[in-house]
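Protein chains: 4
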Amino acid sequence: MGALYMGNKPVLKVDSKVCIVMEQMLRLLHDCGLPLKDVDFLNSDGKTMNKLLLEGKPRMTLFTGSSRVAEKLAGDLKGRIKLEDAGFDWKILGPDVDEVDYVAWVCDQDAYACSGQKCSAQSILFMHENWSRSPLIKLMSELAARRKLDDLTVGPILTFTTEAMLGHMNKLLQIPGSKILFGGEPLENHSIPSIYGAIKPTAVFVPLEEILKDENYNLVTTEIFGPFQIVTEYKDDQLPNVLNALERMHANLTAAVVSNDQLFLQEVIGNSVNGTTYAGIRARTTGAPQNHWFGPAGDPRGAGIGTPEAIKLVWSCHREIIYDVGPVPSAWQLPQPT
Amino acid sequence: MGALYMGNKPVLKVDSKVCIVMEQMLRLLHDCGLPLKDVDFLNSDGKTMNKLLLEGKPRMTLFTGSSRVAEKLAGDLKGRIKLEDAGFDWKILGPDVDEVDYVAWVCDQDAYACSGQKCSAQSILFMHENWSRSPLIKLMSELAARRKLDDLTVGPILTFTTEAMLGHMNKLLQIPGSKILFGGEPLENHSIPSIYGAIKPTAVFVPLEEILKDENYNLVTTEIFGPFQIVTEYKDDQLPNVLNALERMHANLTAAVVSNDQLFLQEVIGNSVNGTTYAGIRARTTGAPQNHWFGPAGDPRGAGIGTPEAIKLVWSCHREIIYDVGPVPSAWQLPQPT
Amino acid sequence: MGALYMGNKPVLKVDSKVCIVMEQMLRLLHDCGLPLKDVDFLNSDGKTMNKLLLEGKPRMTLFTGSSRVAEKLAGDLKGRIKLEDAGFDWKILGPDVDEVDYVAWVCDQDAYACSGQKCSAQSILFMHENWSRSPLIKLMSELAARRKLDDLTVGPILTFTTEAMLGHMNKLLQIPGSKILFGGEPLENHSIPSIYGAIKPTAVFVPLEEILKDENYNLVTTEIFGPFQIVTEYKDDQLPNVLNALERMHANLTAAVVSNDQLFLQEVIGNSVNGTTYAGIRARTTGAPQNHWFGPAGDPRGAGIGTPEAIKLVWSCHREIIYDVGPVPSAWQLPQPT
Amino acid sequence: MGALYMGNKPVLKVDSKVCIVMEQMLRLLHDCGLPLKDVDFLNSDGKTMNKLLLEGKPRMTLFTGSSRVAEKLAGDLKGRIKLEDAGFDWKILGPDVDEVDYVAWVCDQDAYACSGQKCSAQSILFMHENWSRSPLIKLMSELAARRKLDDLTVGPILTFTTEAMLGHMNKLLQIPGSKILFGGEPLENHSIPSIYGAIKPTAVFVPLEEILKDENYNLVTTEIFGPFQIVTEYKDDQLPNVLNALERMHANLTAAVVSNDQLFLQEVIGNSVNGTTYAGIRARTTGAPQNHWFGPAGDPRGAGIGTPEAIKLVWSCHREIIYDVGPVPSAWQLPQPT
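Protein chains in written order, with the UniProt record's numbering: chain L, 1 to 338; chain P, 1 to 338; chain D, 1 to 338; chain W, 1 to 338.
Just so you know, these hints were derived from the structure itself, not from any lab. Hints may be right or wrong, so weigh each one.
Identical chains blur together in the list; that is why a pair holds if it fits in one copy or across any two.
Claimed, not checked - Computed list of lysine-lysine pairs in BS3-like fashion (alpha-carbon distance at most 25 angstroms, straight line):
(1) 213 - 57
(2) 51 - 72
(3) 57 - 72
(4) 72 - 47
(5) 171 - 9
(6) 200 - 171
Given the sequences, and given the hints that come with them, work out the whole structure.
Shown next as structure tokens:
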């Protein structure tokens with residue numbers, strides 16, 4: 001829609017698993033009056049689309065998808081592209097424990113709403129030790145236990161099988177000090193086909209020192225597009241380690257700093273680059289598209305969606321037109337050349 | 001400077017022909033108080049710089065130079081780049097002839113000031129037939145004749161030899177209907193070394209129909225970074241041909257539409273994509289950095305220099321930080337999960 | 001609505017002739033969910049409202065109405081007020097005659113749509129002599145003749161009786177050189193009560209020299225809130241006289257400069273102060289609230305309605321809050337006092 | 001300067017005590033190239049200036065001075081005025097005690113720099129009881145004791161005599177519970193003429209309950225343009241009383257909320273209307289003109305100085321010019337009238 005608002009003629013290509021939804025959306029738009037020629041809609045595999053992009057040489061491409069394809073396309077298109085970063089989204093709970101009930105509920109929603117299948121889902125939780133002494137984990141566990149198939153508060157996972165997710169979990173559990181906080185089991189009594197995944201909302205604790213080790217880091221920070229999160233703990237003097245862990249992540253979509261301590265907020269926000277960062281005791285990782293900026297901050301390919309500013313930044317541009325209609329002053333005289 | 005204002009730590013690399021100037025500039029800045037560690041300055045060839053970029057992975061690179069290298073770098077850096085487009089800059093004189101003295105003077109300055117060695121120099125002039133009947137060309141010729149070595153209103157050309165420029169001209173003159181309007185000769189009585197160029201300010205007329213031919217187009221639109229321009233003429237019904245010639249150019253820095261006819265301005269501006277476009281009877285191709293946007297409009301790698309808006313666009317970024325410090329309303333109750 | 005968007009609690013008072021409409025609007029808003037306590041609605045005469053303002057001391061008042069009351073209120077409220085200027089709105093046709101059919105239609109709509117009962121209705125038309133030689137007046141006369149009671153393209157006038165309007169016209173006709181261009185008669189065969197007005201769309205020509213005379217100026221520039229306009233003519237060298245006539249008007253709502261001649265546009269716009277000024281060959285005096293700024297330009301009490309910018313300017317304000325949460329640098333030492 | 005930047009031709013009138021400084025400033029500007037006719041400078045008493053304003057009817061007046069004259073002028077000029085509010089400026093120390101040394105120093109500077117003769121000087125300090133238990137008052141007393149005539153860190157007071165200031169203090173000391181915290185004595189061994197004032201930096205404590213009493217409120221909140229401040233204390237449950245005291249003040253220039261507690265900041269800022277409000281543990285009442293907005297927030301006569309936004313708001317205006325140059329579509333047909 002943003003592309004259209006700004007007067008472009010876009011070619012729209014949607015992943016084949018979900019393009020049927022977009023096709024219906026387009027038909028709805030046509031029914032509401034969108035001229036048939038304003039958008040081209042392409043059903044194809046990625047290879048065909050790639051060929052189209054290389055030959056059609058569009059002025060601008062907005063790509064949402066895996067970072068591997070993103071990097072390839074950025075090279076293919078010589079940078080005429082904006083990218084939506086992927087999301088292994090982190091949340092940090094600061095030293096000031098407050099509103100535990102509320103924070104627990106936000107954690108539950110951020111990690112497990114839509115069965116964790118949102119690019120902004122909470123993937124890892126860094127918890128100041130003060131929070132370990134609070135009822136937070138117990139509350140999160142109780143909230144996760146409320147979720148059930150009947151009302152779809154848990155549901156099928158499109159891109160990971162049950163085996164894949166539990167296998168990933170088991171690898172994590174081999175890290176010293178790791179343990180299941182809750183979940184970690186397949187759903188039961190369901191008819192979800194085995195090509196999809198079906199597990200209970202799961203949290204796995206991994207010690208911070210282990211996360212930082214080179215041999216564990218990639219494993220721990222692998223995004224599972226399902227109801228699955230890592231939890232860890234840090235002490236006051238370990239904040240630099242936490243920041244180091246964030247710096248090494250290469251996907252920088254959203255993040256949350258749960259604290260009302262302004263100096264703590266400064267420290268964490270000033271040392272991270274996620275595009276969309278929620279801050280404050282009510283911070284979450286997943287919000288509405290009004291606040292949707294792609295990271296990392298400072299990357300010229302990053303952009304946003306939803307707001308007028310984002311739409312103008314991605315789908316329009318500044319062009320400098322300088323009018324000088326005169327009049328030439330009546331006293332004007334020919335100057336010397338330079 | 002823009003990079004510094006926005007808090008970056010830039011690495012600065014300048015072409016080896018002129019880097020001595022920039023080094024002095026940096027020393028001046030240091031003398032004025034710039035901390036020594038705020039900018040890194042690199043003297044190297046392009047190959048070394050390329051290696052540095054590939055290994056250092058800067059978040060952002062601003063490149064000014066040839067479009068060939070620009071395209072290579074855009075691919076190498078996967079699009080983390082802003083480019084200053086090159087400039088085969090055009091000027092169009094519209095149907096409304098007015099202020100001929102003034103327009104002639106602007107043409108002279110645009111094409112020949114600094115001996116034409118500005119990226120915004122006027123490289124081609126599309127002249128409505130109404131202007132052919134005016135004294136414009138005669139005036140331009142007289143103005144060009146004022147230029148002389150004594151006061152450096154003509155001077156040495158750094159990147160083309162005299163032979164190269166005259167050779168280019170002779171190729172142009174083989175196109176049917178082409179002719180020298182003025183200039184076309186080497187400078188005399190000078191001590192400029194032969195590795196540099198030295199010619200009189202030159203204008204070559206080429207008929208529009210010939211310019212548009214595939215076999216001539218690339219030759220005619222080759223940028224000569226010296227006191228050299230193409231002049232052509234169009235009739236009312238040939239405006240689409242002119243616009244077609246513009247559309248085929250791949251360098252889109254600056255442009256000028258010399259007319260106070262609003263519908264004509266709309267037509268030309270709406271059908272071109274140059275980053276910086278001057279419009280109105282006093283329009284020029286070359287102005288101050290306050291109005292310096294790189295084209296083509298719509299290319300996400302384009303940007304600008306000089307203005308606060310340009311500096312923020314190139315050297316800073318929008319980052320979305322959403323504060324939600326509460327308080328949680330006292331009446332808040334745990335909602336159902338989703 | 002603007003006041004509400006910005007978080008104010010407004011008291012709304014509408015002229016007693018039309019407040020019944022606003023009451024229904026408020027009931028609709030309540031039905032849509034507007035909290036009952038968000039707006040206070042007052043049905044009263046002006047005297048009571050004046051007392052309320054003096055005693056209640058609202059931070060801001062927006063007043064739309066006669067300029068006499070506006071000036072009184074501005075004094076009473078010590079300037080805590082924004083005013084919508086009244087409108088004896090002018091249109092100037094420049095020297096470049098073009099699109100006569102279109103311009104005639106715009107004139108007809110500007111002067112006579114809603115029977116001229118819009119604050120932005122065209123009250124006086126300054127016509128360059130070139131337009132006198134065009135079919136403009138003839139076309140305007142034909143368009144006015146299309147209007148009829150059956151489809152309410154003419155209708156009852158709420159604030160002037162037929163006698164009052166024709167009486168005003170007769171006074172104008174005593175000015176030397178004045179004449180009726182068209183209209184000037186009461187409507188026939190209708191049942192409009194005599195407390196309202198009912199005349200045909202009317203245009204009266206008055207020579208420019210006569211308009212400028214002190215004894216005629218106030219009469220000619222008296223706003224008739226009905227289907228009534230003055231037409232006059234000027235020659236090239238009389239433009240300063242036209243500008244002088246504009247300068248002497250004290251109501252500066254909307255205006256139109258019908259010309260695509262950029263130097264003419266500059267001259268007229270640069271020498272007038274109307275809040276909303278339409279410019280270009282298609283210019284009109286009456287448009288949508290998206291372009292509704294109250295003049296005179298430069299009056300701090302002027303403002304606008306409809307756009308985000310206008311709403312923020314009138315109903316919100318800049319307030320400077322400077323956060324400085326620290327930290328105090330660890331190296332901070334007590335400075336000397338000053 | 002702001003008025004000039006925006007293209008106005010201002011008349012400048014400065015208080016006769018200090019106009020000699022401005023005259024020199026103007027001469028400096030003329031020497032730097034300001035055209036002699038760009039500013040008119042008037043040396044006169046207020047009565048003459050008032051006459052000039054009433055007869056000259058300037059489109060806009062910016063007035064800085066006493067609130068009594070401000071209100072008179074606002075009425076005289078029917079609101080064509082912007083006002084700089086006067087300043088009985090308050091500072092509130094929140095419940096979170098931190099950086100006591102730094103806060104004490106800021107208090108000393110805010111209250112006593114320039115001998116308190118700044119419109120943004122700290123006039124009253126509301127101190128949470130937690131701060132009473134800190135060394136704050138002792139530190140402030142020591143800092144005040146550093147000030148001496150030799151280096152002009154205390155100096156002559158232009159608008160109050162020593163007797164007037166000590167008389168005011170003595171009246172305050174009759175309020176039950178009041179006491180001198182430090183200062184309260186005339187300066188000694190000086191040659192300051194008796195028409196000026198000369199006292200040591202002074203702080204008088206008055207209990208909050210007494211301040212709020214109708215019979216004391218006006219006395220306590222009388223601005224002394226000298227090195228003089230009120231200090232009081234509040235308990236957690238007395239914050240509404242503090243806010244009430246602020247609400248009753250009618251001069252709302254600057255203010256400071258010294259706290260990093262975000263909910264406390266929200267509460268105080270959301271319930272006050274000062275134009276310029278500093279917030280955070282390092283907050284001060286007096287800063288540079290870059291942050292100078294006149295309150296109260298929400299008053300349409302308020303404005304600011306120094307920043308581009310302020311200059312545009314005070315000395316320029318939005319004017320809506322809508323260009324519609326066409327072309328009229330070739331398919332346009334005459335519509336029905338409305």
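Hint by hint, here is what the structure shows:
In this homomeric assembly, residue 213 and residue 57 come within 25 angstroms of each other (Cα to Cα) only across copies, at 23 angstroms, whereas the closest approach inside a single copy is 43 angstroms. Taking identical chains as interchangeable, the C-alpha atoms of residue 51 and residue 72 lie at most 25 angstroms apart whether they share a chain (13 angstroms) or sit on different chains (20 angstroms). Proximity of residue 57 and residue 72 under a CA criterion of 25 angstroms is satisfied in both settings, with 15 angstroms inside one chain copy and 16 angstroms between copies. Taking identical chains as interchangeable, the C-alpha atoms of residue 72 and residue 47 lie at most 25 angstroms apart whether they share a chain (12 angstroms) or sit on different chains (23 angstroms).
Within a single copy, residue 171 and residue 9 get their C-alpha atoms no closer than 47 angstroms, and across copies no closer than 40 angstroms, so neither meets the 25 angstroms cut-off. For the identical chains of this complex, residue 200 and residue 171 are intra-copy neighbours only, at 18 angstroms inside a copy versus 74 angstroms across copies, given an alpha-carbon limit of 25 angstroms.
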